[in-house]
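*Asks:* Chain by chain, the residues:
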Amino acid sequence: MIEFLITDVLNVLLQVVLIDLVLAGDNAIVIGLAAAGLPQTQRAKAILIGIVVATMLRMLFAGLATQILQIAGLLLAGGILLLWVCWKMWRELRASSTGPAGAKEAGASAGSKPRKTLVQASWQIIVADVSMSLDNVLAVAGAAREHPVIMIFGLGLSIAMMGVAASFIARLLQNHRWIAYVGLAVILYVAVDMIFRGTLDIMRVAST
Amino acid sequence: MLALLSMLIAAPAMLMIHLLESELVLPALSILFFSGAMIAALLARTDSKNVTLEDVTLWDIAGAFTMMGCAAAIFSEPDQVALFFEPLTRD
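Same order as they appear, the protein sequences are chains A and B. If you number the first sequence the way this note's numbering does, the last residue is 211 and the count never jumps. If you number the second sequence the way this note's numbering does, the last residue is 111 and the count never jumps.
Chain A with its partners taken away, still in its complex shape (with noise of 0.2 Å):
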């Protein structure tokens, strides 16, 4: 018996493990973008904002799992608003790319005037924090439904996965701006994900 709840566990610790390895991917992206902009002051001060809010937002998602899968177009609403994160960053993106000789540096450069402001890089985090959040905790509540104090330590590995995922992505991105595209082009990828998956979901729930 108690052999048989060891295994069961385990199992459902390794389970949680790998679906939030798996589910801090997206954030971790959208974290580095939003801060790579920043001065090297301010951009431990916006990924913390970032894993601060994506936990705080997935801790209440949990307690709301069930009432939250019962709202029609949830998804549909996070995808765009993910789309329309994308669409500010695409813009900041072309902004510094086409901006005079120098700009790609501004941010590191203490003398020169930052891509964005922490205000801005914090609310870019935060509505993307919201839509994935959105999407990420069902996977985790439907994995450890029985076994809270697992969902608690996943919930842990994966703030601290997000907060060193982000750094490195952001520190990349300081010094290889083009790789940003990339970054913009995965969360594209989540946002158009998202608005298919909720677009089926609403018509499902029309044709009933």
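There may be inaccurate statements among the hints.
To be verified - Dumping the calculated SDA-like pairs for lysine to any residue here, alpha-carbon to alpha-carbon at most 25 Å:
| no. | chain 1 | residue 1 | chain 2 | residue 2 |
| --- | --- | --- | --- | --- |
| 1 | A | LYS91 | A | VAL185 |
| 2 | A | LYS91 | A | THR120 |
| 3 | A | LYS91 | A | PHE156 |
| 4 | A | LYS48 | A | TRP90 |
| 5 | A | LYS91 | A | LEU60 |
| 6 | A | LYS91 | A | ALA80 |
| 7 | A | LYS48 | A | TRP181 |
| 8 | A | LYS91 | A | ILE129 |
| 9 | A | LYS48 | B | MET58 |
| 10 | A | LYS91 | A | TYR184 |
| 11 | A | LYS48 | B | ARG65 |
| 12 | A | LYS91 | A | VAL56 |
| 13 | A | LYS48 | A | THR58 |
| 14 | A | LYS48 | B | THR77 |
| 15 | A | LYS48 | B | MET27 |
| 16 | A | LYS48 | A | LEU121 |
| 17 | A | LYS91 | A | VAL152 |
| 18 | A | LYS48 | B | PHE95 |
| 19 | A | LYS91 | B | PHE95 |
| 20 | A | LYS91 | B | MET88 |
| 21 | A | LYS91 | A | ARG200 |
If you're looking for bench data, these hints aren't it; they were derived computationally from the structure.
The hints should help you fit chain B onto chain A, whose structure is shown.
*Replies:* Positioned in the frame of chain A, the structure of chain B alone reads:
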């Protein structure tokens, strides 16, 4: 250093692609890339001025591995990971 890191990632990646079920390849690759990023970051911490190629530092390589890990994670379906564990949980 770059050759060693490439070998550390490429060899297990080939094994994963050949041995694992197709649904599990991307989640496994994402974990592999994250591990590669961790190794590159640890190496970068030991020598922050370590430059492997022109203008490319170990921190950049850590960032690139992280980005690849995130992309592999996003393109994989978390549901597939859950489905893989389902028979084990049911036994």
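*Asks:* Between the alpha carbons of A/LYS91 and B/PHE95, is the straight-line distance 25 Å or under?
*Replies:* 23 Å, holds
*Asks:* Hint check: A/LYS48 vs A/TRP90, CA-CA at most 25 Å. Holds or violated?
*Replies:* 23 Å, holds
*Asks:* Take a quick look at whether A/LYS48 and B/ARG65 sit within 25 Å of each other, Cα to Cα.
*Replies:* 21 Å, holds
*Asks:* Quick one, are A/LYS91 and A/VAL185 close enough, alpha carbons at most 25 Å?
*Replies:* Between A/LYS91 and A/VAL185 the Cα gap is close to 15 Å, so the pair holds against 25 Å.
*Asks:* For the pair supplied as a hint, A/LYS48 and B/MET58, confirm whether the alpha-carbon distance does not exceed 25 Å.
*Replies:* 22 Å, holds
*Asks:* Between A/LYS91 and A/VAL152, is the straight-line Cα distance small enough, at 25 Å or below?
*Replies:* Violated. A/LYS91 to A/VAL152 sits at ~38 Å, over the 25 Å cutoff.
*Asks:* Does the alpha-carbon distance linking A/LYS48 and B/MET27 stay inside the 25 Å limit?
*Replies:* 36 Å, violated
*Asks:* Check the hint pairing A/LYS91 with B/MET88 against an upper bound of 25 Å on the C-alpha distance.
*Replies:* Roughly 23 Å between the alpha carbons, so the hint for A/LYS91 and B/MET88 holds.
*Asks:* Against the 25 Å threshold, does the CA-CA distance of A/LYS48 and A/TRP181 hold or violate the hint?
*Replies:* 23 Å, holds
*Asks:* Does the structure keep A/LYS91 and A/ARG200 at a Cα separation of 25 Å or less?
*Replies:* Since the Cα atoms of A/LYS91 and A/ARG200 sit roughly 23 Å apart, the hinted pair holds (cutoff 25 Å).
*Asks:* Given the hinted pair A/LYS48 and B/THR77, is their Cα-Cα distance within 25 Å?
*Replies:* 24 Å, holds
*Asks:* Does the alpha-carbon distance linking A/LYS91 and A/TYR184 stay inside the 25 Å limit?
*Replies:* 13 Å, holds
Hint compliance for this structure: hints 3, 15, 17, 18 are not met, and every other hint is.
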